[in-house]
Amino acid sequence: MRACLALALASVIIMLLATGCSTEGASCGGGQYPVLAVGSTGSVCVTNGEEPPKGYARYPAGKAPEHVGDKWDKYWETRTIDENGKIIKVPDPSGQ
0 MRACLALALA
10 SVIIMLLATG
20 CSTEGASCGG
30 GQYPVLAVGS
40 TGSVCVTNGE
50 EPPKGYARYP
60 AGKAPEHVGD
70 KWDKYWETRT
80 IDENGKIIKV
90 PDPSGQ
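For the sequence shown, position 23 matches number 22 in numbering that gives the first Met the number 0, and the numbering has no gaps at all.
Hints should not be assumed to be uniformly reliable.
25 angstroms max Cα-Cα, derived SDA-like pairs, lysine to any residue [as the list claims (entries may be wrong)]: (1) Lys-73 <-> Lys-85; (2) Lys-73 <-> Ile-86; (3) Lys-85 <-> Arg-57.
Calculated directly from the structure, the hints in this document are not laboratory data. This structure is a prediction, so every number in the text was calculated from the model and none was measured.
Using the sequences and the hints given, assemble the complete structure.
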């Protein structure tokens with residue numbers, strides 16, 4: 000799962016560098032929308048009109064981050080959705 004996230008992030012960075020585009024802190028580039036990894040805090044950007052890849056889902060309506068560090072970006076740092084679409088807290092990785 001981490002390898003897929005790293006590959007997706009690298010692809011977005013390469014695309015931005017190749018096109019000279021700047022997102023100025025946007026969660027995704029133009030023509031894309033963010034999707035959330037089911038069961039973890041990871042996310043990737045998907046081209047508009049395409050469905051999320053396996054293991055990802057759309058953010059609940061009105062709760063998608065638009066910019067890095069915005070209200071919803073911070074909210075999803077500690078939450079995710081389960082396989083039924085229910086918002087849940089992410090377990091503390093330190094086990095505490």
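Against the structure, the hints come out as follows:
1. Lys-73 <-> Lys-85: holds (18 angstroms)
2. Lys-73 <-> Ile-86: Holds, at about 14 angstroms.
3. Lys-85 <-> Arg-57: holds (12 angstroms)
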